[in-house]
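**Student:** For this one, chain B is given, so just place chain X on it according to the hints.
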Amino acid sequence: MIAEAIRTSKRAVIPYVTAGLPDLDATGEIIRALSDAGAAAIEIGIPFSDPMADGPVLQKASHLALQAGFTLDGLLPRVAKWSTGVRAPLIVMSYINPLMRRGMGETLVRLRDSGIQGVIIPDLPSDASGIHEICRSIGIDLIRLVAPTTPEERRREVVSQCSGFVYAVTVKGVTGARSNLPAEVRRQVQDIRSLTDLPVCTGFGVSTATQVEDMLSFADGVIVGSHLMGRVMESKTPVEESRKVLRMLMM
Amino acid sequence: MKGYFGEFGGRYVPETLLPALQELEDEFSAAWEDRGFRDEFSGCLRDYVGRPSPLTHARRLSEHLGIEVWLKREDLNHTGSHKINNAIGQILLARRMGKERIIAETGAGQHGVATATACALFGLTCAVYMGTRDIERQHMNVERMRLLGAEVVAVPTGTATLKDATSEAIRDWVTNVDTTYYLLGSAVGPHPYPTLVREFQRVIGEEARGQILEKTGSLPRAVIACVGGGSNAIGIFSGFMNDQVELIGVEAYGDANGRHGASIRFGIPGVLHGSRSHLLQDQNGQVLDTHSVAAGLDYPGVGPEHSFLSATRRARYELVDDRQALEAFRLLNRLEGIAPALESAHAIGFLRQYAPGHEGATVLVNLSGRGDKDLHTVLQEGL
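Chains as they are written, first to last, in the numbering used here: chain B, 1209 to 1459; chain X, 54 to 436.
Where hints are given, some of them may not hold.
Unchecked claim - Facing chain X, according to a computed beta carbon distance under 8 Å, are these residues of chain B, among others:
#1 Leu-1280
#2 Pro-1306
#3 Thr-1357
#4 Gly-1381
Said to hold, decoys possible - To give a feel for the contact side, a few chain X residues facing chain B, derived at Cβ under 10 Å:
#5 Glu-68
#6 Asp-217
#7 Gly-327
#8 Asp-335
Claimed, not checked - Just so you have them, the derived chain B footprint on chain X, three or more residues with Cβ under 8 Å:
#9 206-216
#10 320-326
Worth flagging that the hints you see were computed from the coordinates, not collected in a lab. Glycine residues also receive a C-beta, built at the ideal position from the N, C-alpha and C atoms.
Next up, chain B with everything else stripped away, as it sits in the complex (with noise of 0.2 Å):
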């Protein structure tokens, strides 16, 4: 259970970890080593040729991965053996196209029966009452993000269709580190939670222990994405690295 993990997490963080970076080998060990450091839960990110709404370390990791060899299908059975190995709850991040390609429900269902308990699509269609009904069947967790500028009766409807938890992006603009993230985020956080039970996470741009502490003042939960993969691939050591990075997030 995504919302329950948070919850009981004394300090949730959320890495992302892209796929398939250096090897599939290589994210098995990163994703056990992310949960036996604490991680709360931890976003598996599938690597896309067109990653729009990605800054340059996020664009630069799916695209390494994708000359690696990426592809779904090599990743799926071996995340059913990661799934049932770590405490954290595994959830895909993934942008759309990928995951219609052979029928958006019968994908769900794969992703679902090698143990992820939540997606989250950042390219989802304005109307995605159909694919929340999809995972709201099937038992899946869709993960809605609510930006700066969503307006309150779209927030409503974003709310009424998202479970797992509720990610609210802190800036305008794609992924990727920043030194300073907008006082705003606090507020919208407020707004969202007056509309839910669910925990409420706060991602984009988050990548020192200060940023993380201040978060956790008023959100549930904070997703690192960039920090971390931009240090992934800097190292010769990624598990090692991970490991120490979220260690350092979680001080």
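**Tutor:** Just chain X, lined up with the frame of chain B:
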């Protein structure tokens, strides 16, 4: 469903952009109903762009092929292509919305030049995203944009062509959505862009229909246009949608190595850049590399309305490869004294396939742009 053409189209974008797209849709609907806006738009097209563009009977080409070929001369517009129609329309919309910074993507550079021109005309800040590969092969247009005061932002990622320039423009827009207007150049992208671009390009088809009726006394047998994203094609098609006229889009069949840009013929429905349409993708849903000698056709997706017109069989989509397009470029120079853009040369190139079996038929071809920008490429190809 609203914002869809059958099962194609829609709005598949980061949540941050949804309010801006709604605002754009509302503003466009209001503007399009507003007599003052329509007058301002048609005034600009007349007095600045030089519309109506002429319809030319290609006499020697007709004799050569055995069919009657009429050319809609969008190449004679200010800035040298049909792109200026849409750029002017959207700039007027951006002004109405109080936006002062304009961004755009460009492939061949024609849309970039048109956007930079419209920004110069109205004193707006302009940034144009362009793949580094396209910057190399369309260097003249890069210099033109800079002369017009635009910043040309090089995009080295991915295939370094129109696809990646578009992704980068979207990233800029998500980041600067409060201040910035995204002036999308083709009939692609999230709703309302495909509709809005078609409406601003509809003038091509409306003029052409009147002109050909006046000059020949009847409608043509076929209307032919090249299709990358598909804005010039949808513009001219829209004038003939309810007529008994064949609508033929010509896709880029690329080189001898099997790389091409023929999304409708070889693509599978998928989502790229905010809408669902035919997409060149592999079995894992990754977007494929494309190739065309014409930078403006070097794109793995296509406008959703073209996917719809193909699915409903109202239009059909044919193939012309690099070699045939270059041959058509040469032919139109020699026989008519017109250098077409390599994009438009694909539409001309299709006539060789069309002529057998249609002897004497009247066809209307959208000559969407001029080919000065392509001399460098054509000389390299050895013609």
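**Student:** For the stretch 206-216 of chain X, count the residues whose Cβ lies under 8 Å from any Cβ of chain B; is that count three or more?
**Tutor:** Result for this restraint: holds, n = 3.
**Student:** Can Gly-1381(B) be said to touch chain X, with a Cβ gap under 8 Å?
**Tutor:** It holds, given that the least Cβ distance between Gly-1381(B) and chain X is near 4 Å, below 8 Å.
**Student:** Does the closest beta carbon of chain B sit nearer than 10 Å to the beta carbon of Gly-327(X)?
**Tutor:** 7 Å, holds
**Student:** Regarding the hint that Asp-217(X) lies at the interface with chain B, is the smallest CB-CB distance below 10 Å?
**Tutor:** 8 Å, holds
**Student:** So, as I understand it, the hint says Leu-1280(B) touches chain X; can you test that by seeing if any CB pair is closer than 8 Å?
**Tutor:** 6 Å, holds
**Student:** Using the nearest Cβ pair, does Pro-1306(B) come within less than 8 Å of chain X?
**Tutor:** 4 Å, holds
**Student:** Are Asp-335(X) and chain B close enough, Cβ to Cβ, to be under 10 Å, as the hint says?
**Tutor:** Asp-335(X) check passes; min Cβ-Cβ to chain B is 9 Å, inside 10 Å.
**Student:** Can you confirm whether chain B covers the stretch 320-326 of chain X, using C-beta to C-beta distances below 8 Å and requiring at least three such residues?
**Tutor:** It holds, with 5 qualifying residues against the three required.
**Student:** With a cut-off of 8 Å on the beta carbons, see whether Thr-1357(B) makes it to chain X.
**Tutor:** Interface hint status for Thr-1357(B): holds (5 Å vs cutoff 8 Å).
**Student:** Does the nearest C-beta of chain B fall within a distance shorter than 10 Å of the C-beta of Glu-68(X)?
**Tutor:** 4 Å, holds
This entry satisfies every hint, going by the numbered hints stated previously.
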